Amino acid sequence: MNELQQAVEQSPFAASELASDVDLLFYAMLTVCGFVALGVTVAMLDFCIRYRSGKQVDRTLRLRNLRLPEYIWIGVPLLIFLGFFVWGATLFMRYQQLPPEDALRIHGVGKQWMWKFYHPGGQREINELHIPVDRPVVVVLSSEDVIHSFFVPAFRVKQDAVPGRYTRTAFTASEPGTYRLFCAEFCGLKHSKMRGQVEVMSAQHYAEWLDTREQSPTLAAAGEALFRTKGCSGCHAVDSAVHAPDLRGIYGRIVHLRDGRSLRADVAYLRDSILLPEKDVVAGYQPIMPSFADQLTEEELLKILAFLQDFDERDAP
Amino acid sequence: MTHIAIADQPAEMHHPHSFVTKYIWSQDHKVIAIQYGATAISVGLIALVLSGLMRLQLGFPDTFSFIDPSDYYQYVTMHGMIMVIYLLTALFLGGFGNYLIPLQIGARDMVFPFLNMLSYWFYLLSVLILLASFFVGGGPTGAGWTLYPPQAILRGTPGADMGIVLMLVSLAVFIIAFTMGGLNYVTTILQARTRGMTLMRMPLSVWGIFVATVLGLFAFPALFVSAVMMAFDKLLGTSFFMPAVVSIGETLDYSGGSPVLFQHLFWFFGHPEVYIVALPAFGLVSDVLSTHARKNIFGYRMMVWAIVAIGGLSFIVWAHHMYVSGMNPYFGFFFAFTTLIIAVPTALKVYNWVLTLWQGNIRLTVPMLFAMGFIFTFVHGGLTGIFLGNVTVDLPLSDTYFVVAHFHMVMGVSPVMVLFAAIYHWFPKITGRMFNVTLGKIHFWATFLGTYAIYLPMHYLGFLGVPRRYYAIGNTDFIPDSATALNANITIAAIFVGVVQLIFIVNILWSLFKGKPAGGNPWDATSLEWQTPETPPGHGNWGPRLPTVYRWAYEYSVPGAKQDFVPQNVPPEDVEMEPGAGPYREHTV
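The listed protein sequences derive, respectively, from chains X and G. First residue of the first sequence: 1, per the numbering used here; consecutive thereafter. First residue of the second sequence: 1, per the numbering used here; consecutive thereafter.
Worth flagging that the hints you see were computed from the coordinates, not collected in a lab. Quick caveat: nothing in here was measured; it's all calculated off a predicted structure. Beta carbons are placed, not taken as given, at the ideal position from N, Cα and C, and that holds for glycine. Treat the hints with care, as some may be off.
Claimed, not checked - Simulated crosslink set (DSS-like; lysine-lysine; CA at most 27 Å straight-line):
1) G:22 - G:562
2) X:190 - X:116
3) G:441 - X:55
4) G:441 - G:516
5) X:279 - G:234
6) G:234 - X:190
7) G:514 - G:441
8) G:22 - G:516
9) X:55 - G:562
10) X:230 - X:116
11) X:230 - X:279
12) X:116 - X:55
As the list claims (entries may be wrong) - Simulated restraints, written as ranges between beta carbons of each label pair:
13) G:60 - X:56: 49 to 55 Å
14) G:191 - X:34: 34 to 40 Å
15) G:235 - X:228: 38 to 44 Å
Please model the entire structure based on the sequences and the hints provided.
The following block contains the structure:
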């Protein structure tokens with residue numbers, strides 16, 4: 001009894017808005033599945049006992065046609081599970097796909113075997129993530145080497161960090177506290193050492209914490225500097241002699257490509273355009289840009305992308 | 001000239017005489033089946049030992065110093081790969097497919113006996129290459145059985161030099177072996193059925209094996225190309241699956257590849273693979289249940305169409321393994337939906353198995369116990385799949401022990417239950433001798449209850465958020481004390497179940513030589529393999545004349561008939577009836 005009590009107390013702690021909703025869905029499914037399992041088990045045991053060889057029972061009634069019952073006991077669970085599917089999809093869209101505009105954007109980079117996080121103000125931390133409570137947070141994930149997975153059980157979120165692309169997850173922490181952060185995708189020898197913690201703090205404490213961190217330029221400011229030193233501005237400046245697209249206000253815009261495709265300029269597109277410039281060439285331009293794959297680290301890329309994301313505000317003509 | 005497999009009076013059926021041509025370079029499907037079976041079970045025992053070592057490390061960390069993280073991940077990988085490919089796939093299709101197809105459809109052999117022999121030898125070669133990786137520098141690959149790049153070929157993963165290359169080569173050779181065998185099974189089933197054996201009279205075992213083989217022929221090429229492409233990435237420096245990465249401080253010469261492409265290719269194979277194992281299991285268990293319940297399988301036609309439907313649908317559910325990989329969420333919703341749809345024919349099969357027991361005359365023999373054990377484990381493993389199939393519920397559960405418990409129940413324990421049912425069921429036909437029933441029953445109860453002791457608590461660990469593929473989860477800071485005790489208990493249960501399998505091995509070996517003679521049809525079964533003139537069946541299976549089939553394979557407990565079963569090859573006029581019961585009428589539903 002004591003053990004059971006302990007187990008219940010220590011059952012996974014729910015500390016995000018998503019968590020309690022997912023748990024409700026989980027328990028609803030558990031109930032329905034429990035009844036299905038119970039039904040099959042009882043029927044099996046009953047038949048085993050009643051119709052065991054040698055027992056004198058009526059075996060003459062042979063049902064040839066059970067169409068209607070079959071439709072019912074297949075159709076009803078199916079409809080219930082379709083309901084669960086819609087329920088789950090709704091939750092997913094609400095919490096994962098449509099985070100509000102003012103969400104706090106944090107970049108997370110996985111590498112063997114640690115997590116690095118970058119706050120918008122340029123603060124960095126390793127294997128720890130400080131976030132404010134009750135504020136939507138979007139973590140944009142990438143990886144330097146292999147696939148990792150950002151997993152905070154208390155928030156009920158998990159998202160792979162894949163080298164060569166950006167992925168993201170969103171959550172709103174609802175309880176201040178310290179929560180475990182795991183890597184959930186096998187990433188090599190020290191996979192089980194790749195853990196950290198998430199500190200959820202009040203907005204005020206978070207602001208104070210940001211101030212105590214080493215003062216470094218914001219991500220965007222660092223990116224602007226890189227934009228010059230790495231030579232991007234040489235071609236992408238408005239008055240440049242080289243015919244290259246003007247990048248002011250690029251983020252989020254619809255871009256039309258030479259091959260007739262159109263896509264939205266999100267971080268993944270911008271990243272690809274820096275590393276693999278021939279992949280998506282903008283209509284009206286020649287594929288003359290060299291690849292910067294060998295010249296930028298993952299961290300430098302993050303900074304340049306942060307700069308591009310608010311390029312239009314500061315450089316509006 | 002009639003093909004030898006369906007020749008009525010096989011004048012040219014030359015019988016092998018030397019030991020080598022009879023037992024080693026044999027072209028007889030029954031010998032090849034036993035070769036496949038013995039090899040698969042042997043390599044499966046290795047995988048079983050590896051799982052025991054894994055559990056020792058997990059249950060009692062810091063106790064077994066000879067298991068370091070490299071070893072641990074190598075055990076994980078080899079255990080998974082061996083169990084899925086080299087044991088389950090090989091034993092169901094190479095073993096039972098080979099043994100049962102010609103016997104159940106009334107053929108003398110496979111239509112391509114030489115190809116059949118080659119198939120086995122290529123399979124053996126693939127096993128040897130796989131095992132060789134234990135002896136190369138760096139050891140076997142520790143990339144996990146899914147072999148996800150980039151880690152699979154980078155230095156941070158054990159066995160990233162020769163180990164992974166040997167694994168990829170071994171898989172390629174296995175697929176060649178499977179293709180040779182698979183084409184043979186499909187052709188034999190379509191072309192070599194005896195007189196009267198229409199498709200809709202075939203036992204469900206043959207249906208399951210047939211559809212699974214077709215799935216394999218379509219799905220394995222995806223694994224084959226991924227293995228070749230990854231080997232190129234590793235050996236030739238191509239970048240199919242490799243983006244630009246910095247591995248442990250070193251910038252590597254890759255760019256532009258997609259690791260997620262590998263996941264799509266792998267699971268395009270990997271999900272049908274679940275059914276390549278499950279469909280033969282569905283078929284075999286249907287025949288075992290029907291025979292020992294003395295009752296026709298419920299809804300035969302529905303069962304056949306369910307197998308075909310599951311086979312087709314299994315190709316459009318693969319990305320439900322990838323909800324957290326970062327693919328478009330609408331894509332995920334599509335696969336969540338198809339996953340629910342594939343549950344419909346599967347649920348139908350479960351209901352029909354249960355209804356087969358209804359009003360039966362159930363003989364609780366050892367094969368029957370295992371078959372019913374399968375229904376339990378399959379229902380429980382299948383239901384947890386519904387949680388994982390739901391995108392949102394999968395977010396916290398994927399890559400945790402919940403997943404480990406789910407797939408071990410549904411595609412580890414369940415197919416193994418069927419394998420045991422099938423081995424006990426057909427052992428008397430294969431060897432001519434009966435196994436020891438008491439040992440068989442002990443084996444069943446220990447295995448059945450033991451597996452629940454292992455996997456039920458694992459669901460709870462996963463619910464707590466314990467990630468899988470962690471070298472150490474016990475005595476660490478992140479699982480609650482109560483769960484630590486559970487974790488140790490899981491290990492004790494696992495070691496117990498592993499050791500119990502010795503009872504099975506002893507029983508089989510002892511019965512092989514000392515078992516009571518079983519007679520030709522100890523279970524009073526209807527299907528053709530039980531009607532052979534000799535037991536074990538001789539070369540050519542049927543003596544001078546092939547059998548003729550008059551009905552389906554489920555003619556049990558026919559009202560008014562003297563015996564409670566009517567074999568497929570007994571002409572209607574020869575069926576003995578009780579006095580006053582009137583003439584025999586076919587009972588087929």
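Going through the hints against the structure:
1. Proposed proximity of residue 22 of chain G and residue 562 of chain G is contradicted: the alpha carbons are some 41 Å apart, above 27 Å.
2. Between residue 190 of chain X and residue 116 of chain X the alpha-carbon distance is near 16 Å, which keeps this suggested pair within the 27 Å criterion.
3. A hinted pair counts as satisfied when its Cα atoms are at most 27 Å apart, and residue 441 of chain G with residue 55 of chain X qualifies at roughly 21 Å.
4. Between residue 441 of chain G and residue 516 of chain G the CA atoms are separated by roughly 17 Å; this keeps the pair inside 27 Å, and the hint holds.
5. Between residue 279 of chain X and residue 234 of chain G the CA atoms are separated by roughly 24 Å; this keeps the pair inside 27 Å, and the hint holds.
6. The straight-line distance between the Cα atoms of residue 234 of chain G and residue 190 of chain X is roughly 22 Å, inside the 27 Å bound, and the hint therefore holds.
7. Pair hint residue 514 of chain G plus residue 441 of chain G holds up; C-alpha atoms about 18 Å apart against a cutoff of 27 Å.
8. For the proposed pair residue 22 of chain G and residue 516 of chain G, the alpha carbon gap of about 25 Å is at most 27 Å, so the pair holds.
9. A hinted pair counts as satisfied when its Cα atoms are at most 27 Å apart, and residue 55 of chain X with residue 562 of chain G qualifies at roughly 19 Å.
10. A C-alpha spacing of about 23 Å is found between residue 230 of chain X and residue 116 of chain X, which places the hinted pair at or below 27 Å, so the restraint holds.
11. Of the pairs offered as hints, the one joining residue 230 of chain X and residue 279 of chain X holds, with about 21 Å between alpha carbons and a cut-off of 27 Å not exceeded.
12. Among the hinted pairs, residue 116 of chain X with residue 55 of chain X is inconsistent with the structure: their alpha-carbon atoms are about 69 Å apart, more than 27 Å.
13. As the Cβ distance of residue 60 of chain G to residue 56 of chain X is approximately 53 Å, the hint placing it in 49 to 55 Å holds.
14. The supplied range of 34 to 40 Å is broken by residue 191 of chain G and residue 34 of chain X, whose beta-carbon atoms lie about 48 Å from each other.
15. Separation of residue 235 of chain G from residue 228 of chain X is about 41 Å and conforms to the stated range, judged on CB atoms against 38 to 44 Å.
When the structure is compared with the earlier hints, violations turn up for hints 1, 12, 14 and for no others.
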